[in-house]
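Engineer: Sequences listed follow chains A and B, in order.
In this text, residue positions in the first sequence follow UniProt numbering: the first is 1, and each later residue adds one.
In this text, residue positions in the second sequence follow UniProt numbering: the first is 1, and each later residue adds one.
Hint data in this document are derived by calculation from the structure and do not stem from the laboratory.
Treat the hints with caution; some may be incorrect.
[Unchecked claim] Label-pair distances were calculated between CB atoms; the ranges are:
| no. | chain 1 | residue 1 | chain 2 | residue 2 | range |
| --- | --- | --- | --- | --- | --- |
| 1 | B | N198 | A | S288 | 35 to 41 Å |
| 2 | B | T272 | A | D21 | 35 to 41 Å |
| 3 | A | E375 | B | E79 | 58 to 64 Å |
| 4 | A | V25 | B | K27 | 52 to 58 Å |
| 5 | A | K14 | B | F207 | 22 to 28 Å |
| 6 | A | V585 | B | P53 | 44 to 50 Å |
| 7 | A | R509 | B | P55 | 56 to 62 Å |
| 8 | A | S288 | B | Q68 | 29 to 35 Å |
| 9 | B | Y123 | A | N507 | 55 to 61 Å |
| 10 | B | T272 | A | E375 | 57 to 63 Å |
| 11 | A | S623 | B | P53 | 38 to 44 Å |
[Stated by the list, open to error] Cβ-to-Cβ under 7 Å is the rule here; a few derived chain B residues that face chain A:
| no. | residue |
| --- | --- |
| 12 | I15 |
| 13 | S52 |
| 14 | L270 |
Glycine is no exception: its CB is placed at the ideal position from the N, C-alpha and C atoms.
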Amino acid sequence: MTESATDPVYVTDKLIAEDIDAYLVQHEHKTMLRFITCGSVDDGKSTLIGRLLYDSKMIFEDQLDALASDSKKVGTQGQEIDFALLVDGLAAEREQGITIDVAYRFFNTEKRKFIVADCPGHEQYTRNMITGASTADLAVILIDARKGVLVQTRRHSFLCHQIGIKNIVLAVNKMDLVDYSQEVFDKILADYTEFAASIGIESFTAMPISGFKGDNITTLSTNTPWYTGPTLVEHLETVEVLSSVDAEKPFRLPVQWVNRPNLDFRGFSGLIATGSVKPGDKVRVLPSGKTSTVTRIVTFDGDLDEAVAGQSVTVCFADEIDCSRGSVISIADNPPQSADQFEATLVWMADEAMIPGRAYWLKLGTQLVSATVAEPKYEVNVNTMEHLAAKTLELNAIGVAEVTTDKQIVFEPYGDNRSLGGFILIDKMTNATVAGGMLNFSLRRSQNVHWQALDIGRAQHAGLKNQKPAVLWFTGLSGSGKSTIANMVEKKLHRMNRHTFLLDGDNVRHGLNKDLGFTEADRIENIRRVGEVSKLMADAGLIVITAFISPFKADRDMVRSMLPEGEFIEVFIDTPLKVAEARDVKGLYKKARSGELKNFTGIDSPYEAPRDPEIRIDTTVVSPEEAASLIVDKLLGDA
Amino acid sequence: MKTLTHLERLEAESIHIIREVVAEAEKPVMLYSVGKDSAVMLHLARKAFYPSPPPFPLLHVDTTWKFQEMYKLRDQMAELSGMELLVYQNPEAQAKGINPFDHGALHTDMWKTEGLKQALDKYGFDAAFGGARRDEEKSRAKERIFSFRTSSHGWDPKNQRPELWNLYNARKARGESIRVFPISNWTELDIWQYIHLNDIPIVPLYFADKRPTVERDGMLLMVDDDRFPLQPGEEPVMRSIRFRTLGCYPLTGAVESEAKTLPEVIQETLLTTTSERQGRAIDKDAGGAGMEVKKQQGYF
């Protein structure tokens, strides 16, 4: 055993013995860093971890006794303690002398608690490395000083970068075997700097160490006077942890479970992925798009004033809105997107190769959907980073492919949000986890969408419902009575067993068109979208009723042209401006007159009345009830 | 912006895990051994679902040889948490009078390993929470948080499901089950500190007190009831002792100690030079790989 190994002196030890309460307070306030060590056995990875555990007194006497006897039996360090034996856990691994699986180790320093994912380095264990890296704040990439930057160094760095690890430590190990030569270190540093830049790693921290001898692990070594950077432990103690970075992002809470102990309490439980939340915050629930206000953040230890990324909480809303497992609660004015087609980077983890077009379960956050993967665009050679043509992805392969889900999922690009961008694929037959994936972006542009020939058409849809589809398009000034009459019409039709759907202007603006304002361009887009939706619903065989001001003739004509002859029925709710303004149910005319509301139809934006509508209702002479009967009669009489 | 402490992160992770199981499993259960790890796990479950009680029962696989104080606290905690308590004792072990004095390793195998499998089969539980930690033992360091078991409860260490991010795959075929370890990433010190900070009730045996003991095979055993067969010349001696782990009283070694408060216990734990499982006879079976072999056979 070397001198530094037998003689680690720590302030914490004294504190434990002299003032345990002070120590407990110190320990209570420690933060936590999760990191991974990459390198092969030859790089001295297990030895380094064994050293970290040993130096922070995480190895007990009985374990050390076992270690000493194991070292003599199967150790590779002669009569010296073989730290690697401490961490190579499984019997099979001890026999073969390699680290197969990810093993998790724990140690403390004065400032932090550490969880180390000890990952295997061989190419055939890429999946294990990705697994360990997925939860890491930092990666320690080990290089054997005698060998320099190798193929595996490149592979490990590439994988860590792919999985989004921002803090990379290049630990040039076994410096004792190159006489602590600065020249050797500088050469490796230069080689690595060039490589790192080529794959997009923006920064890293390099340090010369010896895991075996203990140089620059906890104290700066006198063997490397030319090195003035931090020791490994110092660096690990001070680097920023991921959850602090995540707390600065917009609020996202994937809902795990709805807590409903009785009729008076309804809370939504989950782990905050990013951002923070306070009572009073306006939130939006996706995919429904409904908004509400957070009233309480409930925990066993009492309500919280604020909760941040990384905390498991239960939140309550002011309104009873649709929210369940798989929903994502977000800050109201900056919600994540939804999509069903993506470009994703996949790491294949199963013996059975990926089958393009086969349906797998895709789990992202708390959402579970069915998904298919297209033939890969390319596979990445993890040693050279070259893009290769590929028909599939085999075990340990990494590639980029299109992923299509059977319904829309709430997501963010992986680079912005690990929780809403990282997913796993599960084989539907064996239930095995077959792949890990990272969503890069959604593919939503229309040029990527092709018409699909369908066997069941609009005639079949309508036939099953035994009705003739139609779009009753109500138009008129704000306050003319469109919504009131439209609602009555729908009620009448419903009683007559007709399949209907009412699209209301205000409601559509909460969801489908929430991104649109009231400029002329936005109002045109508003009507175009409603027209498209009406057309789809009419295709589905429904009688669609719409209630929008739709002031411009050109737009109404645009919708008319989308539909088959005779299916667009324009209903003009004719109310003079004076009458509508006198009603002013929503107080909007008043606001418009005062200039508070711009582009208001009838005030500072024109209303182009229909010249030749299918139905015209003069609300100054007919009651809403009579109007509804007239419209229904006209509709069904025509049919 | 506030940076979470390590205990806050561990707590949040454990709660997340427990909720995932409830959301995805059909019939979960929490294995409750009444020890300090179980105490923390139960507390986390209560936090996870507050104000609801945890929506699953507690299962105690009883060997009939636990310390009397453990049985007492077990019943108290079940009542406090508002959870159903299921106690299972392997009828075969009971009929054959299997005990730790006469049957050695068979005692653990029949009462605990077989008893657990029988209980899970009897009630049809498809997910069982256990309080194992990765820092306890070498083979546990590599076990997943969601550990998949075949219909015969076997564990295949070479064929574990990859566990990425905090995405857990709880899907399984009928008859198969998962063991879930929500406190995998906690260390012994974390457990003690959490008990201290949250004032979680634990068995008084963890604190030093004068208790009747005999020394046998280098272990200090407590004479907890009159089933303890004294060997010729053995006479119980009152010693100030406490326990670092709790199992069947004839198999659990005590340490001599004066630590009567939690800070004192923690202090002693940190200054000690042996690991906590050292007092357990079970790990020493089958050489260094004792626990790994037991797990493959279905031990928790």
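Engineer: Evaluate each hint against the coordinates.
Structural biologist: Against the structure, the hints come out as follows:
1. B:N198 / A:S288: 35 to 41 Å: holds, 37 Å
2. B:T272 / A:D21: 35 to 41 Å: violated, 19 Å
3. A:E375 / B:E79: 58 to 64 Å: Given about 59 Å between the Cβ atoms, the range holds.
4. A:V25 / B:K27: 52 to 58 Å: Since the Cβ atoms of V25 (chain A) and K27 (chain B) sit about 42 Å apart, the hinted range of 52 to 58 Å is violated.
5. A:K14 / B:F207: 22 to 28 Å: Cβ of K14 (chain A) to Cβ of F207 (chain B): about 25 Å, so the range 22 to 28 Å holds.
6. A:V585 / B:P53: 44 to 50 Å: holds, 48 Å
7. A:R509 / B:P55: 56 to 62 Å: violated, 39 Å
8. A:S288 / B:Q68: 29 to 35 Å: violated, 55 Å
9. B:Y123 / A:N507: 55 to 61 Å: violated, 48 Å
10. B:T272 / A:E375: 57 to 63 Å: holds, 59 Å
11. A:S623 / B:P53: 38 to 44 Å: Given about 56 Å between the Cβ atoms, the range is violated.
12. I15: holds, 4 Å
13. S52: OK, holds: S52 (chain B) within 7 Å of chain A, min 4 Å.
14. L270: The hint holds - L270 (chain B) has a Cβ within 7 Å of chain A, the shortest such distance being about 5 Å.
Violated hints for the displayed structure, listed by number in ascending order: 2, 4, 7, 8, 9 and 11.
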